[in-house]
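Asker: Okay, here's what each chain looks like letter by letter:
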Amino acid sequence: MDSSLIPRGLQRTSFPRFLAWVLPWVALLGVGLFAVYLCLAYGLNQTNMDNRFAFGAWIYLDLTVIALGAGAFFTGFLLYILRRKELAAVINSAVVIGFICYSGAVAVLMVDVGQPLRAWFTFWHPNVHSMLTEVTFCITCYLTVLAIEYVPLILKNRKLRKNASMLLFEFQLHKLMVVFAGIGTFLSFFHQGSLGGLYGVLVGRPFAFRPAFGIWPSTFFLFILSAAAAGPSFILLTSWLVSKIARKPLVAPDVYRTLGRISGSILLVYVLLKAVDTLVWINRTAPGLGFQASSFYRYGDFGSWILFAEIVLLGLLPALMLLSSRVAQHTGWLVTAAAMACSGIVLNRFVMTIQTLALPTLPFDAFLSYVPSWQEVATFLAVIAYGVLVYSFSFRYLNLFPQERELRSA
Amino acid sequence: MVIDLDRCTGCGACVIACAVENNVPPAHEGTTPRTGLTWMRVVRVDDGRSFPDTRSVFVPLMCQQCDHHTPCVSVCPQNAVEYDEETGIVTQVPVRCLGCRYCMTACPYHARYFNWWDPEWPAGMEQTLNPDVSTRMRGVAEKCNFCHGRLQAARAKAAAGSRPLAPDDYQPACVEACPTEAIVFGDLNDPRSTVSAAASSPDTFRLLEHLGTGPKVRYRSRSAAVRESLTRNSVSSEKEQVHG
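So the protein sequences, as listed, match chains P and B. Sequential numbering from 1 applies to the first sequence in our numbering. Sequential numbering from 411 applies to the second sequence in our numbering.
Not everything, but these chain P residues come out facing chain B in the computed CB check (under 7 Å):
(1) Asn51
(2) Arg52
(3) Leu132
(4) Leu202
If you're looking for bench data, these hints aren't it; they were derived computationally from the structure. Glycine included, every Cβ here is placed at the ideal spot set by N, Cα and C.
Could you build the full structure based on these sequences and the hints that come with them?
Answerer: Structure, rendered in structure tokens:
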């Protein structure tokens, strides 16, 4: 049964070995689901969030996976709209990763809110002025788009293809893929930006707040750019990782180089704009709100090294590495640069979520610390386990890397 | 509302009165100062000097009822926070709240609270619940609304008497309970009101005024040191002490 599901011409590990790989992740998912049960049954007192640290590890996770999952929309945009045909080698994998990231984020959000059964209220009583409304609308719509993009991959499975109607449906869906890529790009553009705007509008959090029009360039567009930069790097990273775990080449080296160049170019633009934004914030925005920018970096471990790490070490440096033709010749260096680029965006989301909340606002406030509970960590890990499992099954039974067959015979 | 800090002794009567009036449940086992439902709390702010030279001021802190640029109203994705144009009071609609806590993240005064536990009253104590105020459920945010139940009751009473609402018809529970009359409440837009006169005093100030949220709760103190310590932008205290 198992071997008859594996795509023709592809080599996969034996079923017992596959099971041995899958079982630890199933166990991790099980622990995470138990933590989810505790949170849903007993309430969010199972977490270490509180009235002052109302957003915690889960919101950080959501922001991070949605940024990393941007590879799906951006690769789709480049392939179907800008006709970068070489990216067809990774589009299937990108769609699966996007689907995992977005569905994982939505699942965690359902645990994170106090009344998950009221999730539909946002559609029924929407506050059109809220960035979160926009995020909710776009993420749910885009998750649907990702599911639709995932369906043709599943329908292409060897067994399912035997059913003529399935094959026809897959063919028709595939013809519409350019439309879905367009819709996905449109939706992603908005919710990636709104996730930044989520913090930019917080007048009560001077560290993140950008007054009036400043919300757009400082948070909205920077978030879009950073996600567009991180997405291809994450696709590069995951493709390489899967290739190492599976011990076989999956994409040609020039695809890695293309992904690296695209990611590096956008990252460079992002880093330059981020640097300009930071300078404007230090010299105009923060003083305009009555604060010295340096005062935000006096607390705990959140020193100004964070800015350096975010903009230079994990921003400018990987951007230049990704654009360097010498680095591009060595896949190892290219992967290192991609990992650094992703880390920079992960750090940015950490700063926006955690540092923003940790900093005091009232004159008699204290700097706050927050350590997630095991239930929060387990839920976090469950999303990773879920992602690994969905990807593992997809990799085994679906043709995620169209070049794999020819690279094998080469 | 104007709160005279020179009169506040930090007794916590306002905190208790608020909790009783608004059906705030007793703290669940495991509650910390950061997870409790304290619509009103009294924060002790020290001047940083050590005993016996230290000087403290007690700051009753509740929702500051921000003006049109209310941070929590605009962020709520499902209109569960409302701004009453007539009274200027910001109210929470718990039955519509999703529990996303974005409003809590947005509030610079940390005056919004989440129901981390199911509300529970010891057997028999539920008899003391205020019938004019609905209880809230686990997983929603709540906050001070200047005793909305009392406002509604006063409106109903005035309507029954075919007369407009008079300033003395309605006072929040904290105002009534304060033994030193440190809290004055009324219509800030009425220049003849006591609260309006108190608010126009030169020793009156607002918390985080520079953020532009336009809070309608004012504080006053004749001590310049107190005014300075509560209005400066830099943050210096190492530890917050919550009283009550």
